[in-house]
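Take the sequence shown: its position 279, counting from 1, is numbered 280 in the numbering used here, and each next residue is one higher.
Simulated from the structure, these hints should not be mistaken for laboratory data.
Fair warning: there could be bad hints in the mix.
[Unchecked claim] SDA-like, lysine to any residue: derived pairs with alpha carbons at most 20 Å apart:
(1) K218 x L278
(2) K148 x Y132
(3) K276 x E206
(4) K175 x A84
(5) K267 x E232
(6) K148 x A200
(7) K175 x S89
(8) K73 x A84
(9) K276 x D225
(10) K241 x A231
(11) K211 x A200
[What the hints assert, rightly or not] Listed next, with one range per pair, are the computed distances between beta-carbon atoms:
(12) K251 x L139: 50 to 58 Å
(13) V204 x T249: 36 to 44 Å
(14) T222 x R275: 16 to 24 Å
(15) V207 x S105: 27 to 35 Å
(16) T194 x S105: 24 to 32 Å
(17) N70 x L212: 45 to 53 Å
(18) T265 x A176: 38 to 46 Å
Ideal Cβ positions, reconstructed from N, Cα and C, are used throughout, including at glycine.
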Amino acid sequence: MFAYYTLMAFFDVHEIWQFMPLVIVLSLIAFLVIGSKYGVLGIRFKFEKIVQEGAVRSKPIRLGGVAVNKIKVFVVEDDPVWADCLVSYLSMEPDMLLIGTAASKEQAVQAAASLDIDVMLLDMMLTPPCYDGLDAALDILHERPLKIIMLTAIDGPDVIGDAFAAGVVNYVTKAYLQDITSAIRDAYYNQVTLHPHAADQLVKEVIRLKLIEWKQKLTPTEIDILRLIAEGLSKKQIMKALNVSQNTVKSHIRRITKKFGVRTGKEAAEKLKRKGLFHE
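Model the full structure from these sequences, guided by the hints.
Listed below in structure tokens is the structure:
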């Protein structure tokens with residue numbers, strides 16, 4: 002319509018008709034341009050637009066005099082605020098190229114199958130309370146090798162362990178967003194790294210599982226005896242506290258020392274105390 006009224010300003014009404022094909026073409030082009038930019042047509046995938054715009058920018062750049070390829074990053078995040086934050090954050094990195102975003106498991110799997118992605122940032126929980134980000138990682142890695150970094154607010158050691166078991170290369174919580182770019186570079190250049198927070202959580206989980214294993218080796222009475230030994234009680238005091246005979250106490254201690262490869266009950270108690278067996 003803008004083109005139509007512009008022509009009216011310079012030509013008579015009867016003369017405008019000869020320009021109508023041009024008016025229609027210009028109007029159609031304007032409609033398509035606006036639609037592609039603002040989603041008027043409702044059929045545009047966000048990552049398709051980014052890929053088209055980034056085709057030229059994906060050429061190698063020079064860092065420190067050395068030509069390097071840009072790292073093609075794809076973000077899967079259901080929170081629009083966090084998604085925009087990540088887009089802005091990654092756009093400041095000269096050696097990285099954001100080739101798209103997704104907000105669901107299905108979109109993540111589709112993108113992994115159709116795009117040339119170097120590193121994918123994947124949220125653990127895309128549709129709360131489901132851990133469908135983990136499901137997405139399993140589905141994607143079943144079909145193709147891809148370097149996936151979990152970027153999420155969830156930091157439970159069991160969840161972190163499940164993520165690594167699924168095949169992700171790193172796990173960074175959103176509290177440590179400042180570390181995500183180095184994690185992306187490490188993944189791209191095949192540097193085996195583990196974010197310190199995730200490592201700390203995994204160590205705690207290993208210790209917890211080991212304590213469970215040790216407890217399963219011991220009977221309830223043996224645990225009670227070890228706890229009393231750790232508190233400094235003598236065999237006679239333990240005998241009175243548990244209302245058992247001295248031979249029973251000695252028999253339990255012999256079994257305990259064999260199970261843990263130590264010489265005395267005191268050594269076993271000290272060892273398990275250091276490991277946290279009596280903290281609970």
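query = Taking 20 Å as the top limit, are the C-alpha atoms of K276 and E206 close enough?
reply = OK: K276 and E206 at ~13 Å, within 20 Å.
message = Between the alpha carbons of K276 and D225, is the straight-line distance 20 Å or under?
response = Holds: K276 and D225 sit about 16 Å apart, inside 20 Å.
inquiry  = Given a hint of 36 to 44 Å, does the C-beta separation of V204 and T249 actually sit inside it?
reply    = 37 Å, holds
message = What's the verdict on K241 and A231, does the C-alpha distance respect the 20 Å limit or exceed it?
response = 16 Å, holds
ask   = Lying within 38 to 46 Å: is that true of the beta-carbon distance T265 to A176?
value = 45 Å, holds
query = Is it true that K251 and L139 lie within 50 to 58 Å of each other by Cβ?
reply = Roughly 52 Å apart at Cβ, these two residues keep to the hinted range, so it holds.
ask   = Per the hint of 45 to 53 Å, is the separation of the Cβ atoms of N70 and L212 within bounds?
value = 47 Å, holds
query = Taken at face value, is the distance from the CA of A200 to the CA of K148 at most 20 Å?
reply = It holds: about 18 Å lies between the C-alpha atoms, which stays within 20 Å.
inquiry  = Given the hinted pair K211 and A200, is their Cα-Cα distance within 20 Å?
reply    = 16 Å, holds
task = Could you say whether the range 27 to 35 Å given as a hint is met by the Cβ separation of V207 and S105?
result = 33 Å, holds
query = K148 and Y132: Cα distance at most 20 Å?
reply = Judged against 20 Å, a Cα distance of about 19 Å means the pair holds.
inquiry  = Can you tell me whether the CB distance of T222 to R275 sits inside 16 to 24 Å?
reply    = Because 22 Å falls inside the window, the suggested range holds.
In terms of the numbered hints stated before, the structure departs from none.
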